[in-house]
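If you read the protein sequences in the order shown, they are chains A and B. Per the working numbering, residue 621 is the first one in the first sequence, and the count goes up by one each step. Per the working numbering, residue 621 is the first one in the second sequence, and the count goes up by one each step.
Heads up, some of the hints might be wrong.
If several chains are the same, the list does not tell them apart, and a pair holds so long as it fits within one copy or across any two.
When the alpha-carbon atoms are kept at most 25 Å apart in a straight line, the in silico SDA-like pairs for lysine to any residue are as follows [unchecked claim]:
id: 1; residue 1: K637; residue 2: E837
id: 2; residue 1: K774; residue 2: R693
id: 3; residue 1: K774; residue 2: E692
id: 4; residue 1: K624; residue 2: G634
id: 5; residue 1: K677; residue 2: A700
id: 6; residue 1: K774; residue 2: I632
id: 7; residue 1: K677; residue 2: R693
id: 8; residue 1: K799; residue 2: R693
id: 9; residue 1: K681; residue 2: E642
id: 10; residue 1: K623; residue 2: K637
id: 11; residue 1: K810; residue 2: G712
Honestly, the hints are just simulated from the structure, not real lab data. Computed from a predicted model, the values in this text were never measured in an experiment.
Spelled out from the first residue to the last, the chains are:
Number of protein chains: 2
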Amino acid sequence: MSKKEVIVLQDILGTNKKIAAEIREKTERRGILTVNFLSSPGAGKTALLEKIAERLKPQAKMAVIEGDIETERDAERIRAKGVPAWQITTGGACHLEAKMIGKILPEVDPDVDFLFIENVGNLVCPASYDLGERLRCVLLSTPEGDDKPKKYPKAFTTSDAMILTKADLLPHLPFDVEKAKKEALELNPKLKIFLTSALTGRGLDELIDFFLASRRELTRHA
Amino acid sequence: MSKKEVIVLQDILGTNKKIAAEIREKTERRGILTVNFLSSPGAGKTALLEKIAERLKPQAKMAVIEGDIETERDAERIRAKGVPAWQITTGGACHLEAKMIGKILPEVDPDVDFLFIENVGNLVCPASYDLGERLRCVLLSTPEGDDKPKKYPKAFTTSDAMILTKADLLPHLPFDVEKAKKEALELNPKLKIFLTSALTGRGLDELIDFFLASRRELTRHA
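Isolated chain A, as found in the complex:
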């Protein structure tokens, strides 16, 4: 990168960090657990959020912010589950930024317990942008291959949890779950790891428990 490019990027990230800190302060003060979902396109972020909505809705209030380059499809899928959802279409931009979340936040019911943010499908750029989340979760779908943590490290080093998705396809794939876990933990020893399938429900109880426990911890300290 040229010197000018580095300076502009530092400006963008600096401003983003400041807005993200304000979002974190505001949401945590209200007891809202904010979760940022990162992954490649088609790793199953929306399908997982649909299942989370089904399981979490009877016991907690949630809202979803959907990030996409084009189309309103994802927000519509979440609204069909009876959960309020906002769609951000970035019109080409490859990641969400904190200011985009900041604009929507005043519209979100301040009494929600959980605010899930589905980032643009991109395993690279979103990792550099703090959205003010309390938890960052990277999804890795089993068809993508067990070598992805080492190849796209930043999404894994900056996350609190790695959610392996589409476990139902494992019988048809060369994906080595233990290798993926081992290499992800080498990058980030604190990573919580979940093996899930939105289709069969595998691993979803553990994941919901993790979100509920994370929120209890937040409200205990709030």
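Given chain A's structure and the hints, the job is docking chain B onto it.
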């Protein structure tokens, strides 16, 4: 984006375009068909290149440039097929740029018939960077879902071919091949479409024929 950001981006893209034009002129004059492979992480770019190497090597000379954020793994896989390969590790950057290709080009045997470039696994950013290629191919793996062309349009509108990969998984997936084709063609009516599996070999003959025919057309005009 701020005005300053827009100006810097225009500078980057302008410089990139100039270098890309030089690369195109140089390679096409030598009769080298340059192909830029774009896709999400784990769509099977390297697996497809391994199969292309097996089938093309007996009848043509080829070389591969691999783009990755970290690790040399992909170039090693290609070299294991007896094909010269260069690894670019971008160290965080989310796409290849023409200047990176320009640096390697003097090392590539000027007598090769095909130069394949595997971009960083990212369905968004690489679409904005011309690498001087003659053909751009976007890979869409069936597990990613048939809705991806409309959600990530630029990779599809700027490509010459869409290669659907992992067709062997179709019996286990809700992927609708006709819907994916239809939506991709709505975005780009000139798109050539191939349905392939590196595992079973499905569609690879048609793909190899396409590359060979594209090279014949290039050398006819050169």
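Q.
Flag every earlier hint the structure violates by its number, smallest first.
A. none
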